[in-house]
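Colleague: Here are the chains, one letter per residue:
Number of protein chains: 2
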Amino acid sequence: MFGLKLPEVRPGDNLAELIVGAAEDAGVGVRDRDVIVVASKIVSKARGLLYRVDRVSPSREACKVAGKAGLDPRFVELVLRESDEVVAAVPMLRLVREGLVRMDRLFSGEEAWRLLEEYPTMLVTVRNGGVWSDSGLDSSNHPPGTFSYPPRNPDEEARKLSEAIRELTGRRVAVVISDTEIFLRGSIDVARGSYGVPPVDRGFGRPDRYGKPKYGGVDCVADELAAAAALLMKQTGEGVPVVVVRGLSYDWSDEGISQYRIVDVGDLARILVATVKHTARVLGVFRALKNVLKLAFMFLVS
Amino acid sequence: MFGLKLPEVRPGDNLAELIVGAAEDAGVGVRDRDVIVVASKIVSKARGLLYRVDRVSPSREACKVAGKAGLDPRFVELVLRESDEVVAAVPMLRLVREGLVRMDRLFSGEEAWRLLEEYPTMLVTVRNGGVWSDSGLDSSNHPPGTFSYPPRNPDEEARKLSEAIRELTGRRVAVVISDTEIFLRGSIDVARGSYGVPPVDRGFGRPDRYGKPKYGGVDCVADELAAAAALLMKQTGEGVPVVVVRGLSYDWSDEGISQYRIVDVGDLARILVATVKHTARVLGVFRALKNVLKLAFMFLVS
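Residue numbers (my numbering), protein chains in the order written: chain Z, 1 to 302; chain R, 1 to 302.
Treat the hints as calculated values from the structure; they're not laboratory data. There could be a bad hint or two in this list.
No copy labels: a pair is met if it fits in one copy or bridges any two.
The calculated lysine-lysine pairs, modelled on DSSO-like cross-linking and capped at a C-alpha distance of 30 Å, are [said to hold, decoys possible]:
#, residue 1, residue 2
1, K5, K160
2, K294, K68
3, K290, K277
4, K160, K234
5, K64, K290
6, K294, K277
7, K64, K160
8, K5, K290
9, K68, K212
10, K68, K290
11, K277, K64
12, K212, K234
13, K212, K5
14, K64, K212
15, K212, K294
The structure displayed is predicted, hence computed values, not measured ones.
Using the sequences provided together with the hints, build the complete structure.
Modeller: Structural data, given as structure tokens:
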């Protein structure tokens with residue numbers, strides 16, 4: 001794996017040219033079957049997918065939500081504009097203050113508190129059939145007041161970038177567009193879009209070393225590449241938005257990852273209902289209801 | 001990164017010796033500050049953390065749960081034994097049949113259906129304060145009827161392995177114990193235990209390129225190493241349970257990852273209640289209740 005430093009990317013820049021140039025400058029070059037992992041943010045920058053918050057007029061709806069959430073109405077307007085639906089408002093600052101979210105494990109200083117006070121609520125939104133916090137809006141590494149938003153079709157962006165690199169160099173490379181998502185322990189980079197690498201290795205039920213069908217074995221290859229690349233994007237400090245992964249053996253795939261979900265967001269409610277019913281049948285109604293009753297009780301007293 | 005092939009690991013084997021031997025045979029060796037990623041399963045094998053299902057007498061509770069879940073009572077007995085609490089029974093086979101979980105994206109053949117019919121229900125359990133499917137029991141790459149279970153303190157296993165490798169070679173290496181977890185698109189390897197690498201890069205609130213505090217930046221370094229190693233563990237086929245990661249720059253840390261959660265499982269209910277209340281305040285009671293009402297309706301009619 002090689003991390004590439006790029007100059008500041010601006011709207012209209014040709015990303016393929018910047019990447020190929022950086023790879024040559026680094027003495028790495030581009031070879032057939034390389035996987036190029038690209039931070040989603042520089043795709044947004046090059047495509048001009050940027051909002052300037054001071055140019056935004058918030059709607060009445062945005063003002064209403066912002067007032068109650070403790071957020072800037074112009075920021076909320078952008079979140080609403082980029083989402084299909086807002087499904088929840090998570091009181092981050094309160095959860096941290098009450099110790100329910102242990103931010104002591106994430107903090108690097110007092111700035112972190114100021115940041116939480118500026119964004120005390122995280123809006124959970126649905127966008128292009130996926131779940132996003134704050135619609136994927138991101139102000140990090142942008143000038144103050146500027147937010148980037150992710151492309152609507154990141155697989156298509158990956159494919160276009162692969163083809164542009166092929167035109168420049170004659171080499172056929174896979175492309176993964178990576179972004180950061182938050183999990184229970186912190187953040188891990190995942191693939192937002194991909195082209196070339198198979199998004200998921202469909203190994204469920206494949207025989208194991210003893211010939212028994214294997215439960216599992218459905219590696220998200222594209223996500224693992226994004227996570228691996230993050231080790232260099234972060235370790236080398238800022239300004240490493242591209243990582244070249246060389247020597248990985250994979251079957252070429254034209255399928256992208258962005259619509260690749262085992263579970264559809266719209267089906268989550270039905271899955272939850274089926275699971276609660278089955279739990280009541282298997283563990284008994286009382287045990288299944290215990291947590292529901294606990295929730296109801298907490299709701300009443302807190 | 002280098003993948004190492006190991007002979008079949010047996011209870012009582014000295015893992016450090018096997019790993020150092022394999023690294024030397026591969027011409028890779030062991031160097032200071034290498035990160036050695038080890039599949040959890042071979043730690044279980046070496047420590048003898050194995051159950052033989054035909055030696056298990058199921059309790060009455062296990063028989064009752066098994067009958068209703070469509071599972072082998074002896075398997076359920078093991079799940080109960082290895083868990084602190086069973087919290088849900090997910091009707092996997094039914095969800096797949098109804099198309100709510102799209103297994104067409106995971107299948108590699110008809111064997112997969114047989115596997116689902118053998119395990120139609122997935123039991124979600126709490127174990128050592130974390131959430132596990134089927135208490136982490138795993139039969140893949142074991143002889144028929146044998147299940148491994150994860151060590152109770154995987155950070156300690158990582159530390160011991162690092163120290164044993166140091167005694168053998170004089171080299172100080174970090175160790176990550178990796179295992180597979182299922183996400184919305186398939187599975188990704190994550191760190192179950194770690195020693196040496198900092199589990200999480202506490203970058204929340206650190207200044208970005210423009211000097212603004214950054215929302216995010218809390219990379220789970222240990223998890224990213226596990227995900228990266230999975231690319232070689234799986235790509236090279238079976239029998240690559242160890243990956244040596246060389247050249248990564250990191251600050252040494254004695255802290256392990258296994259108890260490293262932002263959110264405690266026991267606090268989840270309180271977080272949920274706080275979020276539902278805040279959502280009702282921010283988005284209005286009707287919109288917040290819409291999904292709850294939808295759930296209640298589906299529960300009644302399905």
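Colleague: Which numbered hints turn out to be false for this structure?
Modeller: Numbers 7, 8 and 15 - these are the hints that the structure violates, sorted from lowest upward.
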